[in-house]
Each structure stands twice: as structure tokens, then as C-alpha cells.
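Chain residues, written in single-letter form:
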Amino acid sequence: MRLRRSRGILAVAAAVALLAAACGGEEQPRQEGQDGDLSGGALRIQMESFVFECNFDPTCEFVSYALMMQTNSFLRPLMNYRHVADDPGLEILPDLAADMPEISEDGLTYTFTLKDGVMFGPPVNREITSQDVAYAFQRMASQQQGNPYTYYYEGVVEGFELQKSPAEDIEISGIETPDDKTISITLANAVPDILFRLAMPATAPIPQEVASCFPQSGEYGRFVISSGAYMFEGSEDLDISSCESMEPIAGYEPDRTLNLVRNPNYDPATDNPEMRSNNPDRFELSVNTNVDDIFNKIVAGEADSSPDDPPAKFLRQFADDRERLPINPVDVLWYIGMNLTQAPFDDIHVRKAVNLAIDKDGLLRAAGGSLVGGVATHILPPTMGGPEAEDYDPYATSGFAGDADLAKEEMAQSAYDTDGDGICDAPECSGILHISRNEAPWTEFNPIIEDNLEAIGIELETREIEGGVAYELVSTTSENVPIASHAGWGKDWPDASTFFEALFTSGAIQAGAGVNNNVGLVGITSEINEERELGIEGNLGDIPSVDVHIEECIAMELGQARIDCFNEVDRTLMEEVVPYVPYRWDLESHLISENIAKWEFDQNAGEMSFAHIAVAS
Amino acid sequence: MTQIAADPIAPEPHAPDFDAVPGAQVKGRSPWQLFWSRFRKDRVALVGLAFLALLVLIALTAPLIADLVGHDPNDRFQREMTDEFGLPKGPNGEFWFGADQVGRDVFVRVAYGARTSLMVALFATGVALGIGTVLGMVAGYRGGWVDTAVSRTVDIILSMPVLLFAIGIVAACSTTAEGCLGGLVKPGLPLVVFVISVFSWPYVARIVRGQTLSIREKEFIEASRSMGAGGGRIMFREVLPNLMAPIIVYGTLLIPTNVLFEASLSFLGLGVPQQIPSWGRMIADGGALFDVAWWLMLFPGLFLLATTLAFNLVGDGLRDALDPRTQA
Numbered sequence: 001m002r003l004r005r006s007r008g009i010l011a012v013a014a015a016v017a018l019l020a021a022a023c024g025g026e027e028q029p030r031q032e033g034q035d036g037d038l039s040g041g042a043l044r045i046q047m048e049s050f051v052f053e054c055n056f057d058p059t060c061e062f063v064s065y066a067l068m069m070q071t072n073s074f075l076r077p078l079m080n081y082r083h084v085a086d087d088p089g090l091e092i093l094p095d096l097a098a099d100m101p102e103i104s105e106d107g108l109t110y111t112f113t114l115k116d117g118v119m120f121g122p123p124v125n126r127e128i129t130s131q132d133v134a135y136a137f138q139r140m141a142s143q144q145q146g147n148p149y150t151y152y153y154e155g156v157v158e159g160f161e162l163q164k165s166p167a168e169d170i171e172i173s174g175i176e177t178p179d180d181k182t183i184s185i186t187l188a189n190a191v192p193d194i195l196f197r198l199a200m201p202a203t204a205p206i207p208q209e210v211a212s213c214f215p216q217s218g219e220y221g222r223f224v225i226s227s228g229a230y231m232f233e234g235s236e237d238l239d240i241s242s243c244e245s246m247e248p249i250a251g252y253e254p255d256r257t258l259n260l261v262r263n264p265n266y267d268p269a270t271d272n273p274e275m276r277s278n279n280p281d282r283f284e285l286s287v288n289t290n291v292d293d294i295f296n297k298i299v300a301g302e303a304d305s306s307p308d309d310p311p312a313k314f315l316r317q318f319a320d321d322r323e324r325l326p327i328n329p330v331d332v333l334w335y336i337g338m339n340l341t342q343a344p345f346d347d348i349h350v351r352k353a354v355n356l357a358i359d360k361d362g363l364l365r366a367a368g369g370s371l372v373g374g375v376a377t378h379i380l381p382p383t384m385g386g387p388e389a390e391d392y393d394p395y396a397t398s399g400f401a402g403d404a405d406l407a408k409e410e411m412a413q414s415a416y417d418t419d420g421d422g423i424c425d426a427p428e429c430s431g432i433l434h435i436s437r438n439e440a441p442w443t444e445f446n447p448i449i450e451d452n453l454e455a456i457g458i459e460l461e462t463r464e465i466e467g468g469v470a471y472e473l474v475s476t477t478s479e480n481v482p483i484a485s486h487a488g489w490g491k492d493w494p495d496a497s498t499f500f501e502a503l504f505t506s507g508a509i510q511a512g513a514g515v516n517n518n519v520g521l522v523g524i525t526s527e528i529n530e531e532r533e534l535g536i537e538g539n540l541g542d543i544p545s546v547d548v549h550i551e552e553c554i555a556m557e558l559g560q561a562r563i564d565c566f567n568e569v570d571r572t573l574m575e576e577v578v579p580y581v582p583y584r585w586d587l588e589s590h591l592i593s594e595n596i597a598k599w600e601f602d603q604n605a606g607e608m609s610f611a612h613i614a615v616a617s
Numbered sequence: 001m002t003q004i005a006a007d008p009i010a011p012e013p014h015a016p017d018f019d020a021v022p023g024a025q026v027k028g029r030s031p032w033q034l035f036w037s038r039f040r041k042d043r044v045a046l047v048g049l050a051f052l053a054l055l056v057l058i059a060l061t062a063p064l065i066a067d068l069v070g071h072d073p074n075d076r077f078q079r080e081m082t083d084e085f086g087l088p089k090g091p092n093g094e095f096w097f098g099a100d101q102v103g104r105d106v107f108v109r110v111a112y113g114a115r116t117s118l119m120v121a122l123f124a125t126g127v128a129l130g131i132g133t134v135l136g137m138v139a140g141y142r143g144g145w146v147d148t149a150v151s152r153t154v155d156i157i158l159s160m161p162v163l164l165f166a167i168g169i170v171a172a173c174s175t176t177a178e179g180c181l182g183g184l185v186k187p188g189l190p191l192v193v194f195v196i197s198v199f200s201w202p203y204v205a206r207i208v209r210g211q212t213l214s215i216r217e218k219e220f221i222e223a224s225r226s227m228g229a230g231g232g233r234i235m236f237r238e239v240l241p242n243l244m245a246p247i248i249v250y251g252t253l254l255i256p257t258n259v260l261f262e263a264s265l266s267f268l269g270l271g272v273p274q275q276i277p278s279w280g281r282m283i284a285d286g287g288a289l290f291d292v293a294w295w296l297m298l299f300p301g302l303f304l305l306a307t308t309l310a311f312n313l314v315g316d317g318l319r320d321a322l323d324p325r326t327q328a
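So the sequence lines, in the order shown, correspond to chains V and U. For the first sequence, the residue numbers in the working numbering are 1 to 617. For the second sequence, the residue numbers in the working numbering are 1 to 328.
Bound conformation, chain V alone:
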């Protein structure tokens, strides 16, 4: 998941670890009375922008806040989580499925029985069937969608292949629906984390009668039909008699407002109260481009929370108040990504020099200091990689401040430094497009990054643009962006594979706007470029690949050996591929209003938990 918030501890002092431990499972004081008293009210959320990179269309939407909303309140995939903090929030449980699946003897076929009485919301108003789940997979396989999830299922689910046909015409041999309540999924080979993959909101049931009218990525986002406890406000007014008659549902106005109200067809008896409390009557999201105003409103009680990081002055104001400023650890990495096909980053010495030059401590300070996270020294956050990985720092510099001398030594080995003095001086060293974001703290990162790289002769042309636009731009292969610092990445589910498959396998590289998360283009070849019509223009020779290594790790059973395997991939990437400068592992801090009667955090999504939060009413 691409996240705006992230987590990570490591290099930060014990104080933070203490904070994290204290915050972890702590519940906010409840109101007197039983759970019923927490029910009702409206949760008002303001954000600087929705940052939805696929317009909330579950088949392609990648942004963590959207994923949280969809898994918590809107949709019900076969499997799901409890949406609470820490380890209990990372356990996989059946949601649409009545129970854990039956697994065949060879371990390759998973058969699920759907619960009774789970219905699509208005205006579809019918019971969900296994064909609706199969259809979700068909939509992911349809190339009209330009879908970033394909690699999670290609080569995993038998017969799942990206095809140019419309979803309705696609047949996936590994998915069978013998009757309305049964679905069996056959894997191409053993994939130990398959249940996690079946908890992605993209696999949640989709009504074909509505979605078939919207084959392009993102189009369905304004028409999403609920399978969960809440729906878009105004869903009942959608006229589904024909494709032409469907008007976008009023409750979601892109870049402006998004309102969720209760789905009248939702039956709590079909649900697990550990997974969903469904307290508020309404969720009201709105865009407020003035971040300062958002948090002033939260302090004043005119808004309740925001997914945006609180600006430093609010962190300072509430530094000791864990009730108004809860802090949760989360698995997120913020990084600077370099495109291995674009000069001068097609030279590993340059990429290593960049790693040595960047003042990571400065970037952390500019972002708000230790309350927002710790310096990242490699890719996999230590919360996922375990204690062995904690001290690994292949580009160590004193105080994490970067070291121009060390960087120059590395640069001197590059052909782009024609006179070997440690300063990049070839023509490719200047005028390099650098994509960043036009909000704090990126506006404070840019002086640091530009300065650090200027010291080794790399002159950037920084463009500060809006977050969603930045993601779309950099994640489009044909744009050939050489370097970008706008992005963060969080796990898609509680397994290290989610930090590697989407980011570093050649299989993940897809054509289309905003769908490629392997922005370094690790593993790319000219054959792949032509075959998938990626539009890459650059140096495609000898790009290193970690495909085989990652595949090996993915095939391993869940457990320490699997984690060790991924730690090794991390090392290989950091030392032999060097696609990133990782700079921060996040702590997730939220500023919440006094209206919030109960705070809860969704550990899997890395965001506030819509499923359990409660507002005073």
C-alpha cells in the first residue's frame, strides 16, 4: 500500500519505544454504560486531499486510507481482520466466508462457504453470491482496468492471467463456483500467505449488473455498491435500469466530499463484533486544502480527525497528551526512489553516492522529529524484519546526517564523474526532473535533498505537485521520471512479501497511468518493455533483478525462515541494486477532537479504525 502515514521505530530513543508500548493497546476512556452508548453521531474527517490514486475504485485503489475504509466499513471480502491495534489486529479471520476454508490434501485448493444473509446495499438489494466474488477477480484480470494488483494473483491463482477482454468474458480456471454459496480457489503452486491475499478489498464481491458498465480503471469508484455496514450516502437514488441511466452517487464527490451512511441491508448477525462495532451513524470526509485549518478545527472540536500528519506545532502542543494525540507503530517506509533506466541513476555508483549524501536526520527533523518516526537504514521496517535487521545500515554516516566526502568517494567511481573528483560533471548530471509534493513536510525536504545532491554535482529540477498527481505521474512507466521523493509504502498485509513483490519484481511493472509501484524498474528488460508496451525510454541494458530470490521467499511457509529470506532480499537490494534511499520508518500520530469517545487503530491498514471508532452523540 502506498501510505501517507508510516511507522517504524528503530533508531529512535527508548522514549519512543515506551510511548509505543504505552499507546499500543490502550483504549480511550469509554463513556459510562454499555457499548450501545457509543453508538450514533457523525465522524467528521478533513484531509488536505483524498489522494485516491484510482478514484476509490476497489479493483485498483491503492491508497491506505481508502483500503481502510473499504475493509472496515464498505466491503466484505472472503477474509478480513479485526481492525484493532497491534498483533490482534494482524490476525486473519473469515468475513464473507462463514468459516476458515477447507483445504484440499495437496494444499492447493481452498474452498469457502459464504455466509447466509449478506446482502449488497441499495439499489442492488440482493444476497451476495459466489459469482460476485469470482467477478471481482475477473475485473482484476481485465486489462481494460490497468490494475496494480495483478501480480498478487498472477501465478498464484491458477488460470489468472491479464487479458485484454472485458471482465464479463474472462474465465479463470482456478476459480470455481459450483453453487451460489460455494467458491473454491485453486492455486498454481503453494502460496502460504494466500489467505491474506483474499482479504484485499479488490477481491470483495462486486455486482456485475452495475460494474460491467464501468470497465475503465477508476470509473466504478463513484458507483461502488456496498457489501458491508456502510454505503455511499444517496446510493438508493442510483438508477441501475441501464448503463446510461446511472448517475454518479451523490455521496462521493471526488476531491470534495465523501459521506458514508449505514447500509440498511447490513445484518450485524452475519458479522463478528470483534471485527466491527459500527458505532457512528455517519462518516463525513471532506477536503480542506489548508492543513493548518484542519488541525485548528480538530483542536476546536469542529472536525474530529484527519489522516494527514499533524504539523509540528501541533505535535509540540500535544507532545505529552496521548489521549488527544495517540501514537501507534505502523509498518511504513518513506523513501526516495531512483529509476534505474534513467541517467545518471543507471549507474550504481551514483545511486550509492546518493544514499551516502542524503541527510536523513535532517529529513526526520523537518518532518517533526521523533514523534513521527525514526531514520530508516534499509527497506523492510524492523517491525516486520525482526531484531536481527535492526542494526543493518549499509550507508552509515555519522548521526545519519549524510557525508559528502563518503558520497564523493563513491561518485568518483562513476563514469558520470569524468575527472574523478567526486562531483558528477557529465551533461546528464544536471536538469534532472525530481518529483516532490507541494505540502509540508516535503517543502522542507526539498532544500535538504537539493543541497545534499548538489554537493556531489547532481542538479535537480524539483517540481512540487499535489500528492495524488505525484503518485499517478511517477507510477506511470511511460513518464520516465528519474527520481522522486513523494512516496511512502506500507504493507498490504502482515507479511514481508508485501514490501517486495509490488515494489521490486518485474512482474509488477504494468503499463497504464498510476499502476506501476516498481518505480525503480528493478528487473526490467527491453523484451518486457516491448511486450507490455510500457513506453520506457532509457538505458534498459543489464538492469539487476531479484525476481528469483523473491519468488523463493514467497514459497516459504510463514515463520522465521521466511522473514530471514526477505531480510536477505533487503540486503541484496540495498547493496547490489540500490533503487531507493530509504529515509524514514513511520510512527502514526493522530490528532483527535474531544468528540471522539473511543479511539481505535487498524494495525493492518495502518490508519484509524473506522470499524471501532466512536463519537460522542
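Worth flagging that the hints you see were computed from the coordinates, not collected in a lab. Don't take each hint at face value.
What the hints assert, rightly or not - Result set (DSSO-like, lysine-lysine): computed pairs, CA atoms no more than 27 Å apart in a straight line:
| no. | chain 1 | residue 1 | chain 2 | residue 2 |
| --- | --- | --- | --- | --- |
| 1 | U | 89 | V | 313 |
| 2 | V | 181 | V | 115 |
| 3 | V | 297 | V | 313 |
| 4 | V | 598 | V | 313 |
| 5 | U | 41 | U | 27 |
| 6 | U | 27 | V | 297 |
Keeping the supplied structure of chain V fixed, place chain U upon it in accordance with the hints.
What follows is chain U alone, placed relative to chain V:
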């Protein structure tokens, strides 16, 4: 007649000098002396001029100032001048105007900001004056379709929503390194100067055209024509010198508008790149922290205010001094 035609400052007959010592012989003064004695009496304009002189000095010696203080404008002193939350610290003995969010010296950046403001405003105004004068003069003198074409162009540009246009252009042209039109349009200093010039020349053209229309009817112009001078020669040798007064005055009054224009563009993030200090950008970046770091907005804001005010005062003073119909 000859004297008046050659006199670039005051095309009208001079008023008698009432300051001459009574009884002394009346000495003829040159037009410049007359202008200066009138200007000199405008105390407020003199203060403005003094400030501008100081500003030019600061702008010219900014690197020297940086050397003396010991901080370059882009040197970051994060560990010394920002707290553990990344919030900047205020004015102290070493950082007279405090520091910004990445620990840069605000005093030095304000000094360099003077360069940016003056350079951009003067250059863009110069270009606008050049284009506006030529087009306005040709339109006023020639009349006919030339006048129509220029006047309609002026009308169109003056009715455009300038900032919206600027926002649109920069947004559209900032997603690739080359920008638009094969590298001609991309965020940065040249674009700022271009945008300001394009939207400023119509003001000049209008005024110049008006003045040209009245000058062209004068007898000395007719005399030149009857002596066989061609249109171009008349425009540049006879009309233009008589335009100098209004050009100087309006140019001076246009500069503060353009200083603010550059500041606005920078405020919106459309101006010069962040390594080049700009008062507008400093004000924008400081806005969110106004309640915890007042120095970020106050100092660039004060300088911007003072500069704009000084130019306006000087411009008013020039206009009063150059136009003999007003009593000094």
C-alpha cells in the same frame, strides 16, 4: 521652438522660479535643475529614495552580508536553530531575524530576497516598458488598423484573470523536466519574468498611446512632417523624447506592482525555485507557522511593504516634479 522640441522633460513653457533670491539676476535653469529642486522639496519622496538606495545597496552587497554574518542563504543549521519537532527558533545574537524551518538564516535570505525582488521587478518592468512604449507609440501615431490591433490586444490581456492563468500554465507545465513548448515554459525565473512582462506591457501601451495621440497633433510634429521626415524618424526622434516623462513616472509606479506580482507568484508556489530566496515565498512558507514563528512572515513582509511604499512615494514625487502644472 527649438528649445522646446529639444527639451525632453517639459514640453510646456517653464513656470518662473519663485525661489530665486529677490533682486538677484534671474538665472536660467536647466530642466534637470528645475526638476531636482522641485523633487527635493518632497520630503516623503526623498525618504523613499533613500530607502531604495539602501535597498539597492543591500541587494548588491548581499554576498558580502552573508560573508560578514557567516551564513550563506542556503546553509542549513537544523540542529542549532530548530527544536526537536523541527520548529524554527527565533531571533538571537547570531541569527538576527531568526531561522526558518530548515534552519536557514532569515536575515541573509531577506537580503538576498531584495536581489530577487529588484532584479525581477526591474527587468520585467524594463521589458514591459520597452514593448509597451513601442507598441503604444506606433498605435497612437499610425492609427488605423495598427491602432485597432494593438488596442484590442491590450483590452484582451487586461481583462484576463492573471493569476488563474499563471496557475494554469505552471500546473500544466510542471510535470516534466522540459516543461511546455519544448523547454520554453517551465517553472523558474525566466517564466516569472515572462509572465510579469506579458501582463504589464498593456498598461504602459495604453498610457503611451494616449500621450502619443496628443503629441502627434502638435505643430512641431507637423513641421517635421512638412520637412520630409518619415514616420519612424518622427516617432523616435520627436515623439519619443516627449514621452520620457510619463514613461519614467509610470515605470517607477509599475515597479512596485511587479514586485508584488513576483511575490504573489512565489507565494502561490509559481515563482522562482526555492533555492533563490524570494520574499513572497518566504511569506507563504511562514504562513502556517505564524503563531509559533512570527519572524518568518514579519521580516520579509516588512521589507516588501517598505519597498512597495518607497517606489510609490518616489513615483509620486517624480510625477509631481516633472509635471510643471502642479505646484511643488
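Tell me the hint numbers this structure goes against, listed in increasing order. 6
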